[in-house]
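Okay, here's what each chain looks like letter by letter:
There are 2 protein chains.
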Amino acid sequence: MTELFKQLEPATQGTRKAISTLLDAARWNDDGLLPAIAQQHDSGEVLMMAWMNRATLEETLATGRVCYWSRSRGKPWRKGESSGQVQRLMAAHVDCDGDTLLLSVDQQGPACHTGRRSCFYVALGEEMAEIVSAPLMDPAELYGQR
Amino acid sequence: MTELFKQLEPATQGTRKAISTLLDAARWNDDGLLPAIAQQHDSGEVLMMAWMNRATLEETLATGRVCYWSRSRGKPWRKGESSGQVQRLMAAHVDCDGDTLLLSVDQQGPACHTGRRSCFYVALGEEMAEIVSAPLMDPAELYGQR
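For the record, the sequence lines run as chains F and Z.
Here numbering that gives the first Met the number 0 is used: the first residue of the first sequence is 0, the next is one more, and so on.
Here numbering that gives the first Met the number 0 is used: the first residue of the second sequence is 0, the next is one more, and so on.
Please keep in mind that the hints were generated in silico from the structure rather than gathered at the bench.
One or more of the hints may lead you astray.
Copies of the same chain look alike in the list, so a pair counts if it works inside one copy or between any two.
[What the hints assert, rightly or not] Taking lysine to aspartate or glutamate and the DMTMM-like style, the derived pairs with C-alpha atoms no more than 25 angstroms apart in a straight line are:
#1 LYS16 <-> GLU2
#2 LYS5 <-> GLU126
#3 LYS5 <-> ASP137
#4 LYS74 <-> ASP29
#5 LYS16 <-> GLU140
#6 LYS74 <-> ASP98
#7 LYS5 <-> ASP23
#8 LYS5 <-> GLU80
#9 LYS16 <-> ASP41
#10 LYS74 <-> ASP41
#11 LYS5 <-> ASP98
#12 LYS74 <-> GLU125
#13 LYS74 <-> GLU129
#14 LYS5 <-> GLU129
#15 LYS16 <-> GLU126
#16 LYS5 <-> GLU44
#17 LYS16 <-> ASP137
#18 LYS16 <-> GLU129
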């Protein structure tokens with residue numbers, strides 16, 4: 000917990016800080032990243048979780064189009080750039096200890112690379128796990144031939 | 000992406016796997032943990048994100064009471080054990096590549112250690128960040144004298 004986030008704990012609604020000060024105090028991990036949860040703004044459905052560095056978060060806040068950091072490709076990932084399934088940013092929040100982002104988004108079509116609306120389609124029980132949704136569309140349509 | 004999660008990508012609704020097989024294939028991080036997002040089951044509000052190892056996830060699935068792994072204390076953290084603000088598990092899901100959990104919970108009172116319902120109370124804009132909710136209760140009431 001950084002000093003700034005500690006100071007903000009008892010803060011009343013409407014208290015403001017410069018975004019640069021806040022992002023200086025955020026607890027980026029050893030790779031300079033924060034996990035970012037994407038939630039559909041109207042339905043409340045949690046769609047996916049990905050990662051952002053400071054540059055991609057700042058780009059997202061400036062443009063209103065969600066841009067993650069792709070850990071596998073090691074570069075910015077403007078959601079929808081290959082699939083067409085863009086995420087528009089409605090609101091962004093950081094949590095109490097400055098180490099997790101929550102994005103309220105408007106997601107076009109499937110958020111998941113499998114063609115499903117949400118990435119969270121495997122339900123876990125004490126004995127069994129079960130697939131709870133089928134793809135809305137063929138991933139080959141989303142990405143072309145792979 | 001592990002082979003099992005790759006196989007499950009095109010799976011139809013109702014496909015089942017033994018939970019032990021699925022958890023063997025999950026992508027636990029270098030500390031043996033997965034991030035776990037907690038969402039209030041009826042309102043859809045995202046309350047917090049914390050971490051689970053395999054033992055605390057299995058305990059949670061078995062007991063229906065959410066138990067995280069506390070990274071700071073290095074031990075299981077049965078949510079509410081010091082604050083009284085228990086989380087009951089309604090459903091648990093893992094995502095497409097097996098590296099993030101989504102918990103549907105019934106949270107008693109505030110989820111956040113600051114006394115707020117949700118940990119995500121700092122809104123981020125291009126220039127400014129703003130506190131968007133006040134504590135529901137005094138953290139001193141939640142935890143006693145600290």
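Now the hints, each set against the structure:
no. : hint             : in the structure
1   : LYS16 <-> GLU2   : within (14 angstroms within a copy, 46 angstroms between copies)
2   : LYS5 <-> GLU126  : between (41 angstroms within a copy, 21 angstroms between copies)
3   : LYS5 <-> ASP137  : between (47 angstroms within a copy, 15 angstroms between copies)
4   : LYS74 <-> ASP29  : both (16 angstroms within a copy, 22 angstroms between copies)
5   : LYS16 <-> GLU140 : neither (44 angstroms within a copy, 28 angstroms between copies)
6   : LYS74 <-> ASP98  : both (21 angstroms within a copy, 20 angstroms between copies)
7   : LYS5 <-> ASP23   : within (14 angstroms within a copy, 38 angstroms between copies)
8   : LYS5 <-> GLU80   : between (38 angstroms within a copy, 22 angstroms between copies)
9   : LYS16 <-> ASP41  : neither (28 angstroms within a copy, 32 angstroms between copies)
10  : LYS74 <-> ASP41  : neither (30 angstroms within a copy, 37 angstroms between copies)
11  : LYS5 <-> ASP98   : within (13 angstroms within a copy, 29 angstroms between copies)
12  : LYS74 <-> GLU125 : between (38 angstroms within a copy, 22 angstroms between copies)
13  : LYS74 <-> GLU129 : neither (33 angstroms within a copy, 29 angstroms between copies)
14  : LYS5 <-> GLU129  : between (41 angstroms within a copy, 15 angstroms between copies)
15  : LYS16 <-> GLU126 : between (48 angstroms within a copy, 9 angstroms between copies)
16  : LYS5 <-> GLU44   : between (30 angstroms within a copy, 23 angstroms between copies)
17  : LYS16 <-> ASP137 : between (45 angstroms within a copy, 23 angstroms between copies)
18  : LYS16 <-> GLU129 : between (45 angstroms within a copy, 7 angstroms between copies)
Comparing the model with each numbered hint stated earlier shows that hints 5, 9, 10, 13 do not hold.
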